[in-house]
Amino acid sequence: MFKKNKSEKKENNLIDLESIIRTIREEEDIDFVIKKIIIYLQSELEFYLIWVGLYDRLGNKIVGKGGITPNGEISILKQKFTISEGDVLEQVLMEGKALKIADLSAEKQVGGWVKIAQTYHVKGTILFPISYKETSFGVVLMASQNRGISLDSGEKALLSLIWGELGHTLDKIQKEWQHKQIKRPDEPILSLLSQLGELTTLDQRLEAVVEITHKFLQPSRTNIYWYYPNGRYFWRRASNRQVIVEWSDFKRPASGITLQDLGELYQILIKGQIVCVGEYYSSVDNEITQLLLQQIRASSVLVAPIILEDELLGFITIEEQHNRPWQDDEKNYLHGIGQLVALTSPLSEMKDKISQAKIDQTLTAGITRAIYCDDGWHKTIRTTAEKLSQRLGAKYFMLAIRKKDQFEVIYQNHSIQSRIITTPLPSLSKEDMTLIDRHTEVVGIENWSENHILVAWQENFEKLGVRSMLLCSTRGTRKQEEDESAIDYQHNKYARPEGIVIIGYDAPRSWNRNERELVQIASQQLGFILHQRDMNQRINQQQQYIQYLQSGLTALQPTTILGNPTKVLINSSNSSFLQEVKNLAPVGEQSVLENLSLDHLERSFIQFIAQAIMEIGEIDPQTVPLVALIAWYPASQTGRIMSYSYADSNITSTGKISIPVRTDVWIQQILSSNDWLHLNVSEVPAKTLRWLNIFDSGQVVVTALRTAAEHQPTGILLLGDPHRILWQKTEVLQLENSPAKTLKNLLTTLVSQFAWSRRYLIVKTTLESQREELEWLNWYKQRRLEELYRTVGSGFKQLTELNNIPAENSTQQKDMLANLRYQQLLRQIGNVLSSTTSLLKEEKWRLQANYDVVSVANLLRRSLIRIDSQLKKRQLQLEVHREGNLTIYGDSIKLELVVYELLISACRRSTTGGKIDIKCQTLDEEWLEISILDEGSINPQLIAEFNAGSIPDILESSPLVTPPGKHLIICRRVMQQMGGNFELELGEGGLVESRLLLPLAHI
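Here the sequence shown is numbered in this note's numbering, starting from 4 and rising by one per residue.
Treat each hint with caution, since some may be false.
Derived pair list, reagent style DSSO-like, types lysine-lysine, alpha-carbon separation capped at 30 Å [stated by the list, open to error]:
{"id": "1", "residue 1": "LYS178", "residue 2": "LYS118"}
{"id": "2", "residue 1": "LYS361", "residue 2": "LYS334"}
{"id": "3", "residue 1": "LYS39", "residue 2": "LYS81"}
{"id": "4", "residue 1": "LYS81", "residue 2": "LYS136"}
These aren't lab readings, by the way, just hints derived from the structure by calculation.
Go ahead and model the full structure; you've got the sequences and the hints to work with.
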């Protein structure tokens, strides 16, 4: 390929090579150097066509600098060739390596060189790079007419040396040129500072920044994008172009970039980093910047963030249509401009910020004032929610308090299709609860679709139309928590309740620092409202507890229930003593005995317990547990049950079924415990279910009725809880002042008091029954002894008189009469003694009723004989009016004593010479009435209390606790026992009427 013999021209070649190398190194005119190189290569190498082109980076083109052609025409070689993506010229530039082409005229990826090759019939070609280190400065094309081309090692070395030296020279020239062209950022920055001081609005300042920056860096475009949080959108607020997108048009696609489209680039910018995309270089991953380049339609871009107090206000972009390498001074300048815009932006909006700060101050002050006013916490929260929502442009406001792992919504303010959350918010994951517990600042969810926290709540809020939200705890700042660290808030009864404020929006958005601080301050103030509300609830709860305790204790006072101390409690046929009392009770009162004071006390108690559970336990009436009482008497083997419920869930078996309290295993299990037991309904034994017909699921909470340790329990309080809403043991231990704990304490106190009240009533009734029976017996025996004394005394007197008859007057006839009189007196005394025998043997401690047919005439006759002495002593007139020969059914002795008691009372209160009328008349076929009327003086209080049936206060003096009132009470009970009645009235004209009602005997 060499024209001359190498051995002969070796010395000359070295001289020529030295000359051309010196020229390349020393000559400053690149065109001259290239021309010398072409001449040298034309003389040394046999190439058909040589072309030299230098790379224009700004235009992304290769500019031809000359060469040689077969016909000497070189103008075609000085034109510009555009570099297309993927062509061979770009490949040589990027790789910096020589490239051989077998047939240039047939190569598709050579651009405009195809026509040139076809014109000059160029075939084999070699493309050689002009480069230095890793920088390419141009391309050399050397071709022949033959297909394919080959170079030996010497030729390759020669070309590498020459073009390498040219690349070195070009690099040196470029650096010298760049050094001369180094930009001085201080000049435009100083100029910009002087202009910014004269401008007032932010838009004017941004336009000045764009103008000066564009003039200084001379890119294709210069733009400033500003962040709009209410749509998470960066809109183009300033540009070097004439048409600027207005604020009202920011949603147009060409006006900016959404935060979602910015992607991970947002995180890079918010860290304050410069984003650089230039010639064959990117400061970040190409996948991250690809979307940005598509949005701004540029090939190279330099982006500087505008950050103020860790908040990304926007960013400034320098955009180039072609690949452009960005210099360090350009990056530093743009970074400084971004910081300058951030520092001056508050000045531009100072008036607005001051005005907004005043509004925020007024808002927080209004919340503070509302805390200390008496308008109520609900109104205060509503006012706060409305003002805060208006200030932040929110569509939804929620305040919830934490209860265990859930949050109960206590207030909602909304404008999104009037939807609300009606149930507690679902339980969060452990990580989310940790986030809420430890994060005292505002948590922002800018877009639910991009959110990875509070996932359990997402469905609830999406149904409300909430797309983004602010969430803040009401507990206070970290410093406040440290100041209060000495208090154990989980167990302290005065701990501040933990609440959470949620502010929702119907579109994705973000929030600046001021908005977050405002929400945090408002949340802390609402925390004080919650604390005040909680304290008020505690106070009200304690007051309610005291009121219910007082009401319950009052209701359990037997003295207020036991209206008639003379009534007898009969509730168990298996109680031997009470059965005896029942036998002694008058027949007319048997129907009343089943609904006496103890029954009233028990029913009042279970109704009160049901109401207390509803009020104190804060339970809906439809779910109030069934309240039942299983009760028995101390000596009884069986019991009875009564229940009360607001809903239709009463126990079907009440007092009709006897309960085997001594043998029932389930009852004995309850009696073996000294506390409340929680038992599953499914575990109730089958034998118990025979008498306890209760619901199929849930639990029963039970406790025994206990008094002193030496006393046996006399009942069980049962709370049927199918919904399991009553307290659990763990809950009571953890929540000291919870409604469940208060309810348990209240019920424990009332159950204990009820047990004592019930025992008191039983003991009181037992003692009263014993006292009353002893009073009857004392009255009865006293009257019988009086009759015995009168009869025996009269007989003894008559015997004495017979014994003292003078003997001289005795005749046989008189002896016979005396003997008959002796026999008569002895029989009378024997009869009296005989009747006394039954009194002594059969009625030692209780009365016996011996019913028989009694003649009314004989009854009156015997009674009148007993008062004969009183009639004579007081000179009383006695008239008896009766109908025929009437008979009645009863105990003749006791009837005689009752009539005598009424007659002797009438005699004693009558004045000397007074009158007593006795009237006997039938009222109908079944009843006889005996009326005793007298004109005596009687205490009106005695009649009033007698007819009332009770003593107002047994400890106070009363005419019924001493004779004659006590005796009249006994007479009425005796008459009632025999199926009759006794009434005492003060009639017209001051007549005292004692009226006996007796059942007629039909013979």
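Requested in this report: Please name the hints from earlier in the document that this structure breaks, with their numbers sorted from lowest to highest.
Outcome: Numbers 1 and 2 - these are the hints that the structure violates, sorted from lowest upward.
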